[in-house]
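Generate the whole structure from the sequences, applying the supplied hints.
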Amino acid sequence: MAEWIDAKPKNKAAAWLEERLPVIGLVNNVVGVDTPTPRNLNYWWNFGSLAGLMLMVQIISGIVLAMHYTPNTLMAFDSVERIMRDVNYGWLIRYMHANGASFFFIAVYIHILRGLYYGSYKAPREVLWMLGLVIFLLMMATAFMGYVLPWGQMSFWGATVITNLFSAIPVVGDSIVTLLWGGFSVDNPTLNRFFSLHYLLPFVITGVVILHIWAKKVSDSGNPLGIDVKSSADQIPFHPFYTVKDAFGAAVFFAIFALFLFYMPNALGHPDNYIPADPLVTPGSIVPEWYFLPFYAILRSITFDIGIPFTDVVIIPAKLLGVIAMFAAIIVLFFLPWLDRSKVRSGKFRPMFRWFFWFLVIDMVVLTIVGGKKPEGIWPVIGLIGTAYYFAHFLIVLPLLAKFEKTLPLPESIANPVVKAAE
Amino acid sequence: MTMKFVKNIAIALTAVAGLAGTAMGAGAAKHPMQMEWSFEGPTGTYDRASAQRGWQVYQQVCSACHSLKYFRFRNLAELGYEEDMIKAWAAEYTVIDGVDDAGDPKERKGLPQDAFPSPFPNPQAAAASNGGAVPPDLSLIAKARHDGPNYLFSLLTGYEDAPADHEAPAGKSYNPYFPGGNISMAPPLAEGIVEYEDGTAATQEQMAKDVVNFLMYVAEPKLEARHHMGLNVLLYLMILVVVLYFSMKKIWKPVKEGKNFYKK
Amino acid sequence: MSTINETIEGEEGATRRDFLHVAATGLGGVGAVMAAWPFIDQMNPAADTLALATVEVDLSAIGVGEAIKVMWQGKPIFIRHRTAKEIEEARSVDMSELVDKQSDAERVQEGRAEWLVVTGICTHLGCVPVGTSDGEDKGDFGGWFCPCHGSHYDTAGRIRKGPAPKNLAVPTYAFLNDTTLQIG
Chain A
1 MAEWIDAKPK NKAAAWLEER LPVIGLVNNV VGVDTPTPRN LNYWWNFGSL AGLMLMVQII
61 SGIVLAMHYT PNTLMAFDSV ERIMRDVNYG WLIRYMHANG ASFFFIAVYI HILRGLYYGS
121 YKAPREVLWM LGLVIFLLMM ATAFMGYVLP WGQMSFWGAT VITNLFSAIP VVGDSIVTLL
181 WGGFSVDNPT LNRFFSLHYL LPFVITGVVI LHIWAKKVSD SGNPLGIDVK SSADQIPFHP
241 FYTVKDAFGA AVFFAIFALF LFYMPNALGH PDNYIPADPL VTPGSIVPEW YFLPFYAILR
301 SITFDIGIPF TDVVIIPAKL LGVIAMFAAI IVLFFLPWLD RSKVRSGKFR PMFRWFFWFL
361 VIDMVVLTIV GGKKPEGIWP VIGLIGTAYY FAHFLIVLPL LAKFEKTLPL PESIANPVVK
421 AAE
Chain B
1001 MTMKFVKNIA IALTAVAGLA GTAMGAGAAK HPMQMEWSFE GPTGTYDRAS AQRGWQVYQQ
1061 VCSACHSLKY FRFRNLAELG YEEDMIKAWA AEYTVIDGVD DAGDPKERKG LPQDAFPSPF
1121 PNPQAAAASN GGAVPPDLSL IAKARHDGPN YLFSLLTGYE DAPADHEAPA GKSYNPYFPG
1181 GNISMAPPLA EGIVEYEDGT AATQEQMAKD VVNFLMYVAE PKLEARHHMG LNVLLYLMIL
1241 VVVLYFSMKK IWKPVKEGKN FYKK
Chain C
2001 MSTINETIEG EEGATRRDFL HVAATGLGGV GAVMAAWPFI DQMNPAADTL ALATVEVDLS
2061 AIGVGEAIKV MWQGKPIFIR HRTAKEIEEA RSVDMSELVD KQSDAERVQE GRAEWLVVTG
2121 ICTHLGCVPV GTSDGEDKGD FGGWFCPCHG SHYDTAGRIR KGPAPKNLAV PTYAFLNDTT
2181 LQIG
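Residue numbers (the numbering used here), protein chains in the order written: chain A, 1 to 423; chain B, 1001 to 1264; chain C, 2001 to 2184.
Source of the hints: derived by calculation from the structure; they are not laboratory data.
It is possible that some hints are incorrect.
As the list claims (entries may be wrong) - Distance condition first, Cα-Cα at most 25 Å in a straight line; then the derived DSS-like pairs of lysine-lysine:
1. A/K230 to A/K216
2. B/K1263 to A/K230
3. B/K1263 to B/K1250
4. B/K1004 to A/K406
To be verified - The calculated label-pair distances, taken between Cβ atoms and stated as ranges, are:
5. A/L400 to B/H1166: 55 to 61 Å
6. A/S219 to B/A1225: 45 to 51 Å
7. B/R1108 to C/A2174: 18 to 24 Å
Keep in mind the model is a prediction, meaning the values are calculated, not measured.
Just so you know, even glycine gets a beta-carbon here, dropped at the ideal spot from N, CA and C.
Structural data, given as structure tokens:
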């Protein structure tokens, strides 16, 4: 286990500051020389810092865009075009922000998959895991509202579809929708408040990220073997080893980001959002951005009501069931530490679990594809199967695996056999 | 089936999902002809001569019904036109600017900073003059349609007689590239409808190609700056990746050899 | 902890290794600085603002003795086509009578003394003086009058009476031809 190390800075000025506000020590203890970290972290561990970097990219580019954007239905679309054409480097900052959102989700999705594979959600990291899920939920709210701001066709109709979902809530549903809209449909009041909240939430995310890093500090980093640190031989200081590795990872990540930003900036978007919003014309197919597609697929896959069999009595209508399923898909993740009670953390030593992990990944990709299709032909059936597997994976497969899986023997320690015995 | 196989399936599916992009939903519409455009690819640039001809086509043919609200006369400078020409073109149009002392709208001659005036004062007038359909603004049309440039070229050159089993409603023309096949716009580009200033033969294909080049420029004027900056940024990042890679390997060498850093 | 410090400070034969790390850090730093520039430059005036940095005015409609107001960079500009009498009045003022000592010749262009171009913002506290349009009070000196606190400007736009400290500012302007004025 790591202890909090209090190294005194050698520099006189630094020591003066440290006595009054121990920021240097704080940084040193989280990502610095005084942060013992498992020596065996692989590249899947880069994605936490990458997600943090993308959060900063989004905040900086977003604040700058807000200097030129007007959150009024009559001027929003025009103000974005002005940014693209007239503002110095406006095109660069706008494309950075739009593609940055996608890359933020790419980093976070891989970061979550890492957590799922290596059992990062297990004791003592349950709160760390749940804070991460809170960040994910806040990200989705932020991204949803952000996409509305350009006030294109997809902005308007995406907002209309998703806000209408809340009408599925029994009794208070319609009142909630009217409250969200600030009117009788998605219109200027909606746009204005979405702008305000879109500006606010990233700072809430930042606060939760700080809690997330704090929780990680308390329980220390996990590692690919999933076993606890046994001695300091298992560890190396975060700086310079993981600082340089994170820097390398960031350079590679930004190179891929640059590929999209400069050479295919509209590949991840939808052409319909270059058409100004028209409440009288519904686009042929309303689709959210790619990172929402699996949840959109789950939402649309529930087309049956739950009622009393052989009667016309409906207890839960399909629309409400779809909404519940969509939120449940994320809520179920909060219970993961208790659904998967296997004593072995890492998938490396859980051969059966590994199969199902990859099934889950395939399932998520399939759901992403289904979410982008029109709900006709074979797609609704595939969507339903995908949704069924998703919930079965967490509610049935993982608890059963925890009970019955034969895990591989765990190694003695992280350092063994890497560290030379002679030392 | 091995683990590796399953893993590869997962990765392959992700790639397919990524490449499939915004999945083509329904669309009985014919897949657009795939042309080659000078602005395509990482080193793409605009063919200025073609874009200039396209401006002529827009001005003389399309602007009768289609507005170009995000394009300003001064933007023509980037296409290679002189300031005097631009001022002269702008001055050919009248623009409403404020009210006079009686409260009536004041008109003045266009200036370079003005946006290209719309042929209609509002969408209702536009619809009334066009059989109920509003001709869309063309400033962003090349980006507002899937595979925009190819779609626009195919549409403009793709008018044909309706097949035997297809009944085109009154006032509409048949175009297989248009979703549903019934487009309100009559074929706009008749051979020779424009006489090019540079003497190029104004075939339908030529005019379509030129106007698409122009419209792509209007939709994405910063394309060349973007490609240029992209090259510099990627070059820089490539070098940074290499330098960081070797720096990382050097730093990690003792760790890989099993060195213990916390030994007292 | 000595072994950690050894790693960071480098062991023997470290010069080449250190250079690599310094180079990497330096390269990263340079990139960060260059990346910062667009975020700063975006605050500079955008292309549409710059397009309005100059304004051309058609002078042919302004008869002798008439004046107009135009907007330039968000500010009102008075353009007066002065009569011979107004020019004479402006020229004959003694320097000692002026609060802000400027001759008429300094405030107009040679050969074009009939055209007076001044910024229509009172140098006291920023109101827009009256006197441009027909029927407006031109003040005691035949130029402009600021109703806010009673500043009087003469036919060269100079402050003669009242709290304003300076003459009406003369913007940069040029005659593109006999009938076109470019301001800015």
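> Which numbered hints turn out to be false for this structure?
Replying inline: none
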